[in-house]
Amino acid sequence: MSKYIAQRIALLIPTLIGMSLLIFAMLRLLPGDVVDIIAGTDGTASSAAKEKLRESMGLNDPVPVQYVKWLGNLLTGDPGKSMRSGEPVGEILMRALPITIELAILGLVFSTIVAIPLGVISAVKRDTVFDFASRVGGLVGLSLPNFWVATLMLLFTSKVFGWTPSIRFIPFTKDPIGNLEQMILPSIALAIPLMAITMRMTRTTMLEVLGQDYVRTANAKGLAPQPILYRHALKNALIPVITVIGFQLGGLMGSAAVVEVVFGLNGVGNTLLQAIFNRDYPLVQAATLYLAVVFVMINLVVDVLYAWLDPRIKLG
Amino acid sequence: MSVVTTTPDVITEGRVARAETPWWRFPKRWRNPIGIAGAIIVLFTALMAIFAPLIAPYEPSAQGAIRLLPPSWDHLMGTDELGRDTFSRIVYGSRVSLQVGILSVAIALAIGGILGLVAGYFGGWADTWTMRLVDIMFAFPGIVLAIVISGLLGPSRRNAMIAIGIIYAPAFARVVRGAVLAVKSEAYMEAARVLGASNARLVRQHVVPNILAPLIVLTTLYLSSAILSEAALSFLGLGTQPPEPTWGGMLNIARTYMEISPWMAVFPGLAIAILVLGFNFLGDGLRDILDPRLRER
Amino acid sequence: MDERDNDLRFLIDLARGRFSRRDMLKGSGALAAGAAIGGGLTIKQLANVSAQSPEAGAEPTGEVVWALDAPPPNLLPFGAISLAHWQGREFFYDTLVMWDQDLNQIPGLAESWETDEAGNYTFHLRQGVKFHNGNEMTAKDVKYSMDMAVAPPEPGVAVSYLANITGTEIVDDYTVTVNMSKIDPTLPGTMAWGGYTPIVPENFYDTNNPLSEAVGTGPMKLVEYVQDDAIVMEANPDFWGEGIPCIQKLTLKTLTEEQTRVAALRSGEVDGGTFSADVVVTLEGDDSITILEGLVSTPNVIQFQTAEADVPWRDTRVRQAVNKVVDRELIKANVFGGKADVTGAIPPGYGDYPLSPEKLAELYANDVEAAKQLMIDAGYEDGFEVELQAIASPRSYTQNAEIVSEAVKQLNIDAKVTPLEIGTFADNIGSGAYQWGATGRGMRGDPSGYVIDFRQGTTQNVTWFGDGYNNEEFNELYDQALAETDQAARVPMYQRLQEIIAEDAAHLYLVQPYKFQAVNSRLTGMYVFFGNTNPGLRTACVSDAE
Numbered sequence: 001m002s003k004y005i006a007q008r009i010a011l012l013i014p015t016l017i018g019m020s021l022l023i024f025a026m027l028r029l030l031p032g033d034v035v036d037i038i039a040g041t042d043g044t045a046s047s048a049a050k051e052k053l054r055e056s057m058g059l060n061d062p063v064p065v066q067y068v069k070w071l072g073n074l075l076t077g078d079p080g081k082s083m084r085s086g087e088p089v090g091e092i093l094m095r096a097l098p099i100t101i102e103l104a105i106l107g108l109v110f111s112t113i114v115a116i117p118l119g120v121i122s123a124v125k126r127d128t129v130f131d132f133a134s135r136v137g138g139l140v141g142l143s144l145p146n147f148w149v150a151t152l153m154l155l156f157t158s159k160v161f162g163w164t165p166s167i168r169f170i171p172f173t174k175d176p177i178g179n180l181e182q183m184i185l186p187s188i189a190l191a192i193p194l195m196a197i198t199m200r201m202t203r204t205t206m207l208e209v210l211g212q213d214y215v216r217t218a219n220a221k222g223l224a225p226q227p228i229l230y231r232h233a234l235k236n237a238l239i240p241v242i243t244v245i246g247f248q249l250g251g252l253m254g255s256a257a258v259v260e261v262v263f264g265l266n267g268v269g270n271t272l273l274q275a276i277f278n279r280d281y282p283l284v285q286a287a288t289l290y291l292a293v294v295f296v297m298i299n300l301v302v303d304v305l306y307a308w309l310d311p312r313i314k315l316g
Numbered sequence: 001m002s003v004v005t006t007t008p009d010v011i012t013e014g015r016v017a018r019a020e021t022p023w024w025r026f027p028k029r030w031r032n033p034i035g036i037a038g039a040i041i042v043l044f045t046a047l048m049a050i051f052a053p054l055i056a057p058y059e060p061s062a063q064g065a066i067r068l069l070p071p072s073w074d075h076l077m078g079t080d081e082l083g084r085d086t087f088s089r090i091v092y093g094s095r096v097s098l099q100v101g102i103l104s105v106a107i108a109l110a111i112g113g114i115l116g117l118v119a120g121y122f123g124g125w126a127d128t129w130t131m132r133l134v135d136i137m138f139a140f141p142g143i144v145l146a147i148v149i150s151g152l153l154g155p156s157r158r159n160a161m162i163a164i165g166i167i168y169a170p171a172f173a174r175v176v177r178g179a180v181l182a183v184k185s186e187a188y189m190e191a192a193r194v195l196g197a198s199n200a201r202l203v204r205q206h207v208v209p210n211i212l213a214p215l216i217v218l219t220t221l222y223l224s225s226a227i228l229s230e231a232a233l234s235f236l237g238l239g240t241q242p243p244e245p246t247w248g249g250m251l252n253i254a255r256t257y258m259e260i261s262p263w264m265a266v267f268p269g270l271a272i273a274i275l276v277l278g279f280n281f282l283g284d285g286l287r288d289i290l291d292p293r294l295r296e297r
Numbered sequence: 001m002d003e004r005d006n007d008l009r010f011l012i013d014l015a016r017g018r019f020s021r022r023d024m025l026k027g028s029g030a031l032a033a034g035a036a037i038g039g040g041l042t043i044k045q046l047a048n049v050s051a052q053s054p055e056a057g058a059e060p061t062g063e064v065v066w067a068l069d070a071p072p073p074n075l076l077p078f079g080a081i082s083l084a085h086w087q088g089r090e091f092f093y094d095t096l097v098m099w100d101q102d103l104n105q106i107p108g109l110a111e112s113w114e115t116d117e118a119g120n121y122t123f124h125l126r127q128g129v130k131f132h133n134g135n136e137m138t139a140k141d142v143k144y145s146m147d148m149a150v151a152p153p154e155p156g157v158a159v160s161y162l163a164n165i166t167g168t169e170i171v172d173d174y175t176v177t178v179n180m181s182k183i184d185p186t187l188p189g190t191m192a193w194g195g196y197t198p199i200v201p202e203n204f205y206d207t208n209n210p211l212s213e214a215v216g217t218g219p220m221k222l223v224e225y226v227q228d229d230a231i232v233m234e235a236n237p238d239f240w241g242e243g244i245p246c247i248q249k250l251t252l253k254t255l256t257e258e259q260t261r262v263a264a265l266r267s268g269e270v271d272g273g274t275f276s277a278d279v280v281v282t283l284e285g286d287d288s289i290t291i292l293e294g295l296v297s298t299p300n301v302i303q304f305q306t307a308e309a310d311v312p313w314r315d316t317r318v319r320q321a322v323n324k325v326v327d328r329e330l331i332k333a334n335v336f337g338g339k340a341d342v343t344g345a346i347p348p349g350y351g352d353y354p355l356s357p358e359k360l361a362e363l364y365a366n367d368v369e370a371a372k373q374l375m376i377d378a379g380y381e382d383g384f385e386v387e388l389q390a391i392a393s394p395r396s397y398t399q400n401a402e403i404v405s406e407a408v409k410q411l412n413i414d415a416k417v418t419p420l421e422i423g424t425f426a427d428n429i430g431s432g433a434y435q436w437g438a439t440g441r442g443m444r445g446d447p448s449g450y451v452i453d454f455r456q457g458t459t460q461n462v463t464w465f466g467d468g469y470n471n472e473e474f475n476e477l478y479d480q481a482l483a484e485t486d487q488a489a490r491v492p493m494y495q496r497l498q499e500i501i502a503e504d505a506a507h508l509y510l511v512q513p514y515k516f517q518a519v520n521s522r523l524t525g526m527y528v529f530f531g532n533t534n535p536g537l538r539t540a541c542v543s544d545a546e
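Keeping their order, the protein sequence lines are chains A, B and C. Take the first sequence: its letter number 240 is residue 240 in this note's numbering, and every next letter is one higher. Take the second sequence: its letter number 285 is residue 285 in this note's numbering, and every next letter is one higher. Take the third sequence: its letter number 240 is residue 240 in this note's numbering, and every next letter is one higher.
Below 25 Å or equal to it, Euclidean Cα-Cα: the simulated DMTMM-like pairs (lysine to aspartate or glutamate) are:
#1 A:Lys50 <-> C:Asp206
#2 C:Lys332 <-> B:Glu259
#3 C:Lys409 <-> C:Glu385
#4 A:Lys81 <-> C:Glu224
#5 C:Lys339 <-> B:Glu259
#6 C:Lys140 <-> C:Glu169
#7 C:Lys143 <-> C:Asp238
#8 C:Lys140 <-> C:Glu114
#9 A:Lys52 <-> C:Asp206
#10 A:Lys50 <-> C:Glu213
#11 C:Lys409 <-> B:Glu59
#12 A:Lys52 <-> C:Glu154
#13 C:Lys372 <-> C:Asp414
#14 C:Lys416 <-> B:Glu59
#15 A:Lys174 <-> C:Glu224
#16 A:Lys174 <-> C:Glu63
From the derived model, a few chain C residues whose C-beta atoms are all more than 10 Å from chain A:
#17 Glu59
#18 Ser112
#19 Ala118
#20 Lys130
#21 Lys182
#22 Gln435
#23 Gly457
#24 Asp486
#25 Ala489
#26 Pro492
#27 Glu499
Quick caveat, the hints were computed from the structure, so don't treat them as lab data. Predicted model only: the values in this text are computed from it and were never measured. In this text, a Cβ means the ideal position worked out from N, Cα and C, and glycines have one as well.
Bound conformation, chain A alone:
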């Protein structure tokens, strides 16, 4: 097991180097740069002045030189500073991070507590109206654009209840109730499409387990249906479900951007978006790399967890 983990972590390195190269090259290919954002294009700033600024920001260096410089700094623990505010990129991300992590986790919690019971019931009451309705309902949730659902939620609560979540982030450590009050709507908006996936997964694995020999045996032995369900079936059925949920967490970190924009939350996704629109290269590079690392790490943890939970799976 530990050899496997070490191997996986070793494989991370080429992945991350590849990532960083890709990000760097792509950003430099984008037309426009941060100088245009600062100086505008109204003709108020002379092109000579802009060129001078580019020069001193190092934007005129050959791209490979810029890359090596950046990578060198990164390896010494300095991901750079925002080209706009001069704030260290690390600090910006550390501020945005808790918001996105909390959003993703809460979203997962909401989707899971709804989806797993629904999936189990669907499987047990297979091909009944309940099964049919929850499957269709799940698919409907999966079919609605996220930004649309989020906007509707906001407009609805503001119109009907005269209430919207706070627009400044309230850290959980400062005010847990205020924090949850603020995060509940955005995380539900994030949870809706996930529910369908988790539910479907729970339903199928549950069906599979229910059809396996030991359950049938238990059934034949005359054990009551309830204990079978909970003691044997559910535990085994949930293993693949857990992995799916784990993978969702990785993906959520990036895809929360739309929800963050609608709810005015300054998470990683929103930060990344603003940074891209403003061509704030160091921030984009760091945020992307960070999202990638989180994604890869979560996948690794899930893989290991999966192997540990289900000994039938061989690693390697």
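Keeping the supplied structure of chain A fixed, place chains B and C upon it in accordance with the hints.
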């Protein structure tokens, strides 16, 4: 590499042992009401797209009418903020939505399929490096990719499709690779190889047919995601651009008028939801029908 | 009123009680201590008492949260040009000359000023003005600031508006002279505009981080700056203006989504923001919200790139033909819900300089037949293909482009609308990489700023027009108007310059939209400013009448 893929939907789902069911519980595999409903929706949308000029009462870009009209006999779904007929735009928009869905998934299929086939079939060195590349693509936040591509090439339908295609490619690569690995270990492959069949022939005659089923299912499911992704890109101002009528774009613009002219948002929203639902239904149904592990039973 | 309405109201009350922490606290009379977020509560309670009489000498009270559409990139005082920059820092800094609500020049940090024959300006400074750090403002600070404004350190960028300044001299502690290389009537206007010449303490760049810190003489002091998120400010008790500031705490919060701003305004999370004409309609009829309307300097324009050789629109007749088929009234009605004015190069509201509506109607009269004839004369009766780039957000620019694209179909011109994300668009327009562009102009400190680009040889003229457009009458008159210090005499000159632009259809000016700001009714004294910043918040007060 681990045995787990990040798109376990197809691979792990459907390993369902079917018990005998009474006739009224849709016992036959092909009598799959959800799948059929999906097929009907998709077919209907396709017909709408093909015959758009015959169905739409107005040119989709004609700005003849009063703006923000409610639905009436003249304008079945009302008019938009520039006085264009919403119904006509929805009808023409079906072309874009279908095209975006199909072509972007085709791109994903082409890129991912080839990568997965190479990795799975040749194994070893090719597998390691191809899958590293796939990992990189997978971990790359889709939104960055989409913004970079649209910034590079300009936001447009074509570029949104390219972006979506590239974002989805790794999922296809993994599924194809997994399926190929499974097929490779089958006895008849060994037999064919021993009998001296060429690589190309092996792939053509044995591998491809056997991985077709999971691919079809995955494709249908991703078609729906692609349509939603296009809508999300439009929301961020990076997808298909006006004046081209697209459901995602219409829905996005309609948010501004949500309260004074809700029908402007209702119809494109419904159109997206129904088509996506159609693909999801179809995918769900096809999975029940086509999954090879089910076929043997 | 039927039962359902009662049910609904009950639900609303219930929900309010459950969800709104603020209401709960208010109901029980609880006062929260001044924590970062809950801090407003105490202050709001106090505001009940004193906001009724916001007269001179009263303590600043109350908290205002204002929603911005775009995040201020930083707080850099000099050489940062974008509007978003200005909106972030306008409350920290004052300038020597200021504008009142109607764009009249009024004394700011200078009590008076005069020019000599050579065009040099002498400013007599206000005495006893204190910076946020407690130091008094003197001529040394003004000289430092003006020097920085002329040659801003990086990442600031020097602007052409201040190019005629040769240096600033200290006459005595409270008098400075700004020397000019030639007569330039634009300086006071440029100063009043506010964005380029804020007054900072001497050696500010050495003592502070100018990107994220702010020390000025303005009515608000910086408490916290969070990039892409919010700027939190508190009242400057030593502010030199009487009765200003009236509010104790001001937060600028970035909410890029308009629907989010609507929802937050309704729920009281923000106290105001800017909204589009179509959205503001939905806020009407809400007692707790007041809608403010005003002209704002954003003349929308379609511009033609004529620097490139052989493009059909280098022919004046082609541009004139396009001018004759573009219906400004349709744009006004469909893009802006009627809430816009037809405009020339200088937008309505900018003093006496704009062209009259009658004159504009004459210049912009639609005549499809005449337009077709012009196309035939120019040899383009079969039309041509052209790419019309537009700013994707705000969407109104793309909508303008869509209407123009539909209109020129009558001339067989196939104008493909390409909306672009602002970064890409800005780069393309700035470098001249476009054919037609749908964009808007911002505020200018002086009328010349609205027409400078049509003067042969100026910075942007080279990339936008090249040798494709060059009108000698325009060039001469432009130079003449810039050498005239009598402001009244400049008016007819700038009007004629605008007529030339319209006659030649050098650019197609369309309409100037109104700007709408919706504010919580407890906010009083706010007004929509012509120049795209929010100086109204300097003088605004809050009264908690809830």
